[in-house]
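K.L.:
Here's the letter readout for the chains.
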Amino acid sequence: MKKKLQTYLWLVFYFLMVFLPLVLLMILPRPAGREFLREVSVSLGFIAMALLGLQTIPTSRLRFFTKAFPMDTLYTFHHGLSIFTFLIALLHPVLLFINNPETLRLLNLITAPWRARAAVISIVAMIILVVSSVWRELIKLKYDIWRWIHDGLSFLAIGLALYHMFKVNYYMSLTYQRVLWLVLTGFWTAIILYIRVVRPIIMIKKPYKVARLEEERGQCWSLYLEPDGHEGMDFEAGQFAWITIESPFIFRENPFSFSTNSDHDDCYIGFTIKELGDFTNEIKSLEVGQVVYVDGPYGTFSMDEHKCKDFVFIAGGIGSAPVMSMLRTLADRKCVKPITFFYGNPTWDSVIYREELEVLKGKLNLNLVHILEKPSEEWVGEKGYITTDLMRRHLLPSYKESTFFLCGPLPMIEAVERSLHELEISPRQVFSEQYDMA
Amino acid sequence: MDIQHIAQKGLIITTILLSLILVLLFAAVQTGMI
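Sequence order for the protein chains is P and U.
So the first sequence is numbered by numbering that gives the first Met the number 0: it starts at 0 and just counts up by one.
So the second sequence is numbered by numbering that gives the first Met the number 0: it starts at 0 and just counts up by one.
Just so you know, not all the hints are guaranteed correct.
Unchecked claim - Distance condition first, Cα-Cα at most 25 Å in a straight line; then the derived SDA-like pairs of lysine to any residue:
#1 K308/P x I2/U
#2 K66/P x L23/U
#3 K399/P x L367/P
Simulated from the structure, these hints should not be mistaken for lab results.
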């Protein structure tokens, strides 16, 4: 109930942040109206500005926000809303040009007034921002470099758009509008300061040290960390944290799911990381005792967040890391509830935790179903992908009451969710997390 | 699709629709159409 209330409060807060300036303009005294297209353009500009500033929140990792919403949905929300924000920001000048073609002269940066120059540069920054974000992999832009570009251009776009809005000074000549936008700007600045200054300081004050590093199958490494001079962190099995081996001020960090038991008595935390390029390739070079900074825990992909009659875990490859954390935790709790684990991998040799899963079968009421994409000729188990028929063969007769946890790449999650829909599983019983969200 | 992802898509669609409605409403009010 508390979580539901928190979610509803956030929704109210969100809509107020986006629409309050425009709604107040409609109900309070305001300057005289002008042509229809011009007013449409101006109000689009107001909403674009509010949405642009609001984009600082979804990826801010503010604890009371990430507790209410899953992190990967926050990132998807940020992506989707950013595209919409960009489109209406672009439509704002286009409508002005259609309404009065003479205003096209404002595109000339040499002769245009500063308020127009600021708007043009802000739009150009947004174009580069969208192109570099949507096609980052296509233009082979490294994640950490892209993040610096993304943040720099975001600040530039927001700052210049605000300058433009205050300088145009038509509706902004109203005191309540000026105060409202200054309050909103203050709020966005506080969030940026939290992300850029406060959180890195917190991470530096609570460093971790590499306790041990173990090679796993499938080019994976299990990294175990111990807190250095503090009590460590409590997490829920299934959650994740952001890890960096450099200064937290450099923002070269990546998210990884905890793979260890969350009910641990010691302070160690562990992650299993697959070599996929960039930062992940450096994991194997870490040395025992080396300092690592951890920001977490985050995520609502947790069995402790939901009432589960029995569990169905579905994972592909390294998506098994959070599932392993849940299985280890359930074994520690001596859980007797039925558990079905559909575990997809390319080959038998790439199955991470293979031996430990066999041990866990003795400790838990676990039905482990391996699915191999490219099995050897001797393989007698399931082959191919996790399909509707395959799941139907192994699920409990009462599977419609089971709780499903999915973790893997987006195509796998989408395919399995389609199968679950065919199996008439309610979306309320399905929880998923993409591991390539960032 | 799970309920959280459905809700997230729903929120984006609601934002888009509300934006368009409010923008048109504002322009209509300002130009005396309403």
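K.L.:
None of the hints should be skipped; say for each whether it holds.
P.N.:
Results of checking the hints against the structure:
1. K308/P x I2/U: holds (18 Å)
2. K66/P x L23/U: violated (36 Å)
3. K399/P x L367/P: Holds, at about 19 Å.
Hint check: a violation occurs at hint 2 only; the rest are consistent with the structure.
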